[in-house]
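Protein chains: 2
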Amino acid sequence: MNQTPKYEHIPRATIQRLATYLQVLEAMDKDGVQVISSEPLSRACDVNASQVRKDLAYFGEFGVRGVGYYVSYLLEVIKACLNANREWRAALVGVGNMGRALLNYQEFRRHGFTIVGAFDCDPFKIGEKIYGLEVFCTKTLVEKVPELGIEIGIITVPPERAQRAATQLVDAGIKGILNYSAARISVPDHVFVEYVNFFHQIYSLTFNISTKQR
Amino acid sequence: MNQTPKYEHIPRATIQRLATYLQVLEAMDKDGVQVISSEPLSRACDVNASQVRKDLAYFGEFGVRGVGYYVSYLLEVIKACLNANREWRAALVGVGNMGRALLNYQEFRRHGFTIVGAFDCDPFKIGEKIYGLEVFCTKTLVEKVPELGIEIGIITVPPERAQRAATQLVDAGIKGILNYSAARISVPDHVFVEYVNFFHQIYSLTFNISTKQR
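These protein sequence lines are chains C and L, in that order. Quick note: to get this note's numbering, add 114 to the position in the first sequence (first position is 1). Quick note: to get this note's numbering, add 114 to the position in the second sequence (first position is 1).
One should not assume that every hint holds.
You can't tell identical chains apart in this list, so a pair holds if it fits in one copy or across any two.
With a Cα cut of at most 27 Å, we get these calculated DSS-like pairs of lysine-lysine [as the list claims (entries may be wrong)]: (1) LYS326 x LYS258; (2) LYS193 x LYS326; (3) LYS243 x LYS326; (4) LYS168 x LYS193; (5) LYS168 x LYS144; (6) LYS239 x LYS258; (7) LYS258 x LYS243; (8) LYS253 x LYS239.
By construction, these hints were calculated from the structure, which means they are not laboratory data.
Use the sequences and the hints to build the structure in full.
Structure below.
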């Protein structure tokens, strides 16, 4: 809160593009690239260059005219803005196929997004160990969330159980929910929800393939 | 191509919201709702009502003043626009955890998005049967894609193998790629790519939790 008040008004679409810039910049940093100008960055991100410059301008005038941006500094500043430079502890509810895939998703851990608790309401799954995590009953969320310092809940249950999972997470004191289930959920105003809906991208594809000729 | 020329200029952000509207409208339709006005639709979708009206205006003036939209008709029109009213056949490359989760993802099949081929380059996985699908060597994509009428490729390989998978899919004649790997890929101009990057939503959450007080 105290670190990032000036970023308050960054629009949602910019935040999403920042995630893409981070991905590209991290790959460049790994490859030893030290300085980048907006054109190659924009090409790699599939965003036009003026948009890139506009997005990065939220962070002040730290590009160097005629040179570009310092990759590692840019990484640092964007991560600070997104509060992605610290660990975030998450609880996953619903240990089905998608849940298991996320429990073992290396990119989460690599970016400080750590799933520290796995929960399910199926008695056959409770007690099972998955990638080193014991599966707990969802009823224990209310104790485990504060105990494990969990701030974010991940919902990977079938659609018809999504609202119940959301309510249990909210009651346990979660601050934000990442919802992978194909159902909308209702939560109180102080809880943030983000939907992962694969059809956003699928319909963009089917729309583009059908409508646009290249 | 012949069905939807007038939709050519619908912006990308609208297309993504249409996916959300479809999800909500399908749930309403299932619950027996016949007519809906823009306010409850906007609340359920977490999009403001004037945006909903603006988005739906691309489809002509089919709302009924003082009444709202007919749910089943709206569903039909949006699906036609997105070309989501027919089957799309997909090949999945990379039978790891995420690949397996998607092979068994019921929402895909329920929406006519059918994965008809699973591919991997690991000799231990080739020949294995996963949810009824035999895993083929990625080298066979070039024969299987036309043989199985596949138009879309799904990439679920580790980041360092994403470009190779993309090139193999392109060489096999794919029209669009849904990329779940945490790597950018290069493809020729006639191929459409959509990235599924979970950090878009995660960073929105961490940003909102840290920056906004509710």
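Each hint, compared with the structure:
In this homomeric assembly, LYS326 and LYS258 come within 27 Å of each other (Cα to Cα) only across copies, at 25 Å, whereas the closest approach inside a single copy is 50 Å. Taking the shortest alpha-carbon separations for LYS193 and LYS326, only the inter-copy value of 17 Å comes in at or below 27 Å, while the best intra-copy value is 36 Å. Within a single copy, LYS243 and LYS326 get their C-alpha atoms no closer than 48 Å, and across copies no closer than 36 Å, so neither meets the 27 Å cut-off. When the C-alpha separation of LYS168 and LYS193 is checked against a cutoff of 27 Å, the pair qualifies only within one copy, where the shortest distance is 17 Å, while the shortest distance between copies is 34 Å.
Within a single copy, LYS168 and LYS144 get their C-alpha atoms as close as 25 Å, which meets the 27 Å cut-off; across copies the closest is 43 Å, which misses it. When the C-alpha separation of LYS239 and LYS258 is checked against a cutoff of 27 Å, the pair qualifies only within one copy, where the shortest distance is 17 Å, while the shortest distance between copies is 38 Å. In this homomeric assembly, LYS258 and LYS243 come within 27 Å of each other (Cα to Cα) only inside a single copy, at 16 Å, whereas the closest approach across copies is 38 Å. With identical chains, the CA atoms of LYS253 and LYS239 are at most 27 Å apart within one copy only, with a shortest distance of 14 Å there and 38 Å across copies.
Comparing the model with each earlier hint shows a violation of hint 3 alone; every other hint is respected.
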